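Asks: Sequence:
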Amino acid sequence: MEIRVKCGCEKEECSEWTIVELQGVVETQSSFQGSLHNLEIGRLCHSDSSQETYTFTVGYHELIGSKVTLKKPLLVLKKRKDDLSEKSSELQVLGIIRTKILFKTRPKPLISATN
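Position in the sequence shown (from 1) plus 1391 gives the number in the working numbering.
One should not assume that every hint holds.
Said to hold, decoys possible - Mimicking DSSO-like on lysine-lysine, the simulated pairs with C-alpha atoms at most 27 Å apart in a straight line are: (1) 1469 / 1491; (2) 1495 / 1462; (3) 1491 / 1462; (4) 1499 / 1458; (5) 1469 / 1499; (6) 1470 / 1495; (7) 1458 / 1469; (8) 1499 / 1463; (9) 1499 / 1470; (10) 1458 / 1495.
FYI, nobody ran anything at the bench for these hints, they're computed from the structure. These numbers were taken from a predicted model, which means no experiment stands behind them.
Work out the full structure: start from the sequences and follow the hints.
Replies: See below:
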């Protein structure tokens, strides 16, 4: 089987992607279950004092994370089948992932509980 790999961005370098790694589960409200496409779940910001520190605000919770370089870069690929031949397919490179933003601490509540 022949698999061709081709850069899909038509540039010298492919676009850079970053993984956002969260611990735990992000749950949505039941009203959003059918329409998760393009759903905004929070706000991701980097600290002005340090490019390596990030905050992620989801609802009334804030997470603090840091940028980590991956040991091995990953490619983001899209498979395209060749209609003329079933034995060949093409992989299009959409981007390359060299870093991830890791949130490994528990979320901090932004509002305090009332007594």
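Asks: If a hint holds in the structure, say so; if it doesn't, say that too.
Replies: Outcome of the hint check:
1. 1469 / 1491: holds, 21 Å
2. 1495 / 1462: holds, 18 Å
3. 1491 / 1462: holds, 11 Å
4. 1499 / 1458: The hint holds at about 19 Å.
5. 1469 / 1499: violated, 37 Å
6. 1470 / 1495: Given that 27 Å is the threshold and the Cα spacing comes to 33 Å, the pair is violated.
7. 1458 / 1469: holds, 26 Å
8. 1499 / 1463: Since the Cα atoms of residue 1499 and residue 1463 sit roughly 31 Å apart, the hinted pair is violated (cutoff 27 Å).
9. 1499 / 1470: violated, 40 Å
10. 1458 / 1495: The hint holds at about 11 Å.
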